[in-house]
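The chain contents come next:
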Amino acid sequence: MSNSLKSLDKKISSKKNVYRPVLDNPYTNESNLFPRVNDQALIWNLLQVNVLNKCKLLANIDQSEWPFKIYSGFNNVIAQITELDSSSKAYLFVCNRDPGISKVLLQQLPLLCFQKNVTVVQLPKGSFSVMSEALGYLKANDYIAQYSDGLLLLFDTPQLNKSFVTKLDTNVEPLSFPWLNPVYKEAKVKLFKSSKS
Amino acid sequence: MAKKNVPGKEHLQRLNYLYQLATWHTWQPTHSLARLYAQSMHSVSTKTRSSILPSIKRTVCKKCHRIQIPGRTCHVVLSNKDTKKNGSNDRPKSTASHKDILEIHCTCGSIKRFPIGTNRDYTLAYEKPDALEEL
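These protein sequence lines are chains A and B, in that order. Position 20 (the first sequence) corresponds to 20 in our numbering; numbering is contiguous. Counting the second sequence from 1 gives a position; our numbering is that position plus 1000.
Chain A extracted, bound-state conformation (with noise of 0.2 Å):
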């Protein structure tokens, strides 16, 4: 078999890009499910300042005597969720941009938190590990919930700086999900790129 550039040009031919028509849906799209933040960089640093920096300081301290009421790891913040009444308030920080947390885990957390009215605040890119080491000090008894998973349910108590919750309530956009609303969203038909030879 020859090596000449009209054979090799031949190969590439033959090899074309297909395009299949594929349904989208933006409203089961993980990325596109969480809700905008305003002041991303700002809220970062209030949770730092408010939260993380005081878990290593209270690392030696019994968690019930915390000024603040903190979970972390996927069952626990799942089960806490599911258990909220209507009358209590919590923001779940979540880490999405990161390396090393899964879109699927994520998938699911939105419209549970529409359910129950919390209010979800997605953290910038890098957050992951400051978080992990933060959270490290949490005395949790299971397995999976020593894990962090990129997600800290907080609750507000009289304890917590009223300045910090004020900027996640004005920050922090709502969620919304219109295909829940009966009027009928038409969804965009895309192309999905492969190839075949």
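Bear in mind the hints are in silico, worked out from the structure with no lab data behind them. Beta carbons are placed, not taken as given, at the ideal position from N, Cα and C, and that holds for glycine. You may find that some hints are simply not true.
Simulated pairs of lysine-lysine, DSS-like, Cα-Cα distance not exceeding 30 Å [stated by the list, open to error]:
#1 A/16 with B/1112
#2 A/188 with B/1128
#3 B/1063 with A/188
#4 A/125 with B/1047
#5 B/1099 with A/185
#6 A/125 with B/1063
#7 B/1099 with A/188
#8 B/1081 with A/193
#9 B/1047 with A/116
#10 A/162 with A/89
#11 B/1063 with A/16
Simulated DEER-style distance windows between Cβ atoms [to be verified]:
#12 A/87 with B/1123: 37 to 43 Å
#13 B/1017 with A/89: 35 to 41 Å
#14 B/1017 with A/8: 46 to 52 Å
#15 A/162 with B/1007: 57 to 63 Å
#16 A/162 with B/1081: 43 to 49 Å
#17 B/1119 with A/53: 29 to 35 Å
#18 B/1118 with A/178: 30 to 36 Å
#19 A/171 with B/1063: 40 to 46 Å
#20 A/184 with B/1130: 49 to 55 Å
Stretches of chain A that chain B covers, calculated by requiring three or more beta carbons in the stretch to come under 8 Å of a beta carbon on chain B [what the hints assert, rightly or not]:
#21 75 to 82
#22 94 to 103
#23 176 to 186
Since the structure of chain A is provided, determine the placement of chain B on it from the hints.
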């Protein structure tokens, strides 16, 4: 450059309509109609050979065709084989986290399992950036 004419565009919009109907009915107290619409969606997609994104398919139970809404029709658990087998919770993180499995338990009893621990950065070909082109 992508072709502008897409065959079976109407089928895809029909699928979309059925999915939205099924989801809206799941939001209501009774789910029987929702299951019927989701089952129709599955039948239409197989008959017409129309593709649906995996993110949509993940939200439908394969057994009873319920739309998976956490707290209503399913509950989500992150499990680990090692901790289950030994009954101990003190296994070091480094040895056990790669066996994490995400389980979506439907109310019908079926379980969808996603072995997310093996590669947490894993993305399907459909979910990779620039894989989908706009029409």
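Do the hints match the structure? See the list:
1. About 36 Å separates the Cα atoms of residue 16 of chain A and residue 1112 of chain B, which puts this hinted pair outside 30 Å; it is violated.
2. Under the criterion of a C-alpha separation no larger than 30 Å, the hint pairing residue 188 of chain A with residue 1128 of chain B is consistent with the structure, at around 17 Å.
3. For the given pair, residue 1063 of chain B sits about 28 Å from residue 188 of chain A by alpha-carbon distance, which is consistent with the 30 Å threshold.
4. A threshold of 30 Å between alpha carbons decides the hint, and for residue 125 of chain A with residue 1047 of chain B the separation of about 43 Å lies outside it, so the pair is violated.
5. Restraint check for residue 1099 of chain B and residue 185 of chain A: not satisfied, since their Cα atoms lie roughly 39 Å apart, outside the 30 Å limit.
6. Pair hint residue 125 of chain A plus residue 1063 of chain B does not hold up; C-alpha atoms about 38 Å apart against a cutoff of 30 Å.
7. A distance of roughly 36 Å separates the Cα atoms of residue 1099 of chain B and residue 188 of chain A; the hinted pair therefore is violated under the 30 Å criterion.
8. Of the pairs offered as hints, the one joining residue 1081 of chain B and residue 193 of chain A is violated, with about 37 Å between alpha carbons and a cut-off of 30 Å exceeded.
9. Restraint check for residue 1047 of chain B and residue 116 of chain A: not satisfied, since their Cα atoms lie roughly 38 Å apart, outside the 30 Å limit.
10. With a C-alpha separation of about 13 Å, the suggested pairing of residue 162 of chain A with residue 89 of chain A holds against the 30 Å cut-off.
11. Simply put, residue 1063 of chain B and residue 16 of chain A have alpha-carbon atoms about 38 Å apart, too far for the 30 Å limit, and the pair is violated.
12. Checked against the hint of 37 to 43 Å, the pair residue 87 of chain A and residue 1123 of chain B passes, with Cβ atoms roughly 39 Å apart.
13. Distance hint check for residue 1017 of chain B and residue 89 of chain A: the Cβ-Cβ separation is about 37 Å, which falls inside the suggested range of 35 to 41 Å.
14. Residue 1017 of chain B and residue 8 of chain A have their C-beta atoms about 48 Å apart, which keeps the hinted 46 to 52 Å range intact.
15. For the hinted restraint 57 to 63 Å between residue 162 of chain A and residue 1007 of chain B, the CB-CB distance of approximately 58 Å keeps it satisfied.
16. For residue 162 of chain A and residue 1081 of chain B, the Cβ-Cβ distance of about 45 Å falls inside the hinted range of 43 to 49 Å, so the restraint holds.
17. Distance hint check for residue 1119 of chain B and residue 53 of chain A: the Cβ-Cβ separation is about 32 Å, which falls inside the suggested range of 29 to 35 Å.
18. Between residue 1118 of chain B and residue 178 of chain A the CB atoms are about 35 Å apart, so this pair conforms to the stated range of 30 to 36 Å.
19. The hinted range of 40 to 46 Å is satisfied by residue 171 of chain A and residue 1063 of chain B, whose Cβ atoms lie roughly 42 Å apart.
20. Taken as a hint, the range 49 to 55 Å is violated for the pair residue 184 of chain A and residue 1130 of chain B, whose Cβ atoms sit roughly 29 Å apart.
21. Residues of the segment 75 to 82 of chain A with a Cβ under 8 Å from some Cβ of chain B number 3, which satisfies the need for three, so the listed coverage holds.
22. A count of 5 residues in the segment 94 to 103 of chain A with a Cβ less than 8 Å from any Cβ of chain B is obtained; the coverage claim is therefore met, three being the minimum.
23. Remark: the segment 176 to 186 of chain A is confirmed as covered by chain B, as 7 of its residues place a Cβ nearer than 8 Å to a Cβ of that chain, reaching the required three.
The structure fails hints 1, 4, 5, 6, 7, 8, 9, 11, 20 (numbered hints given earlier, in ascending order).
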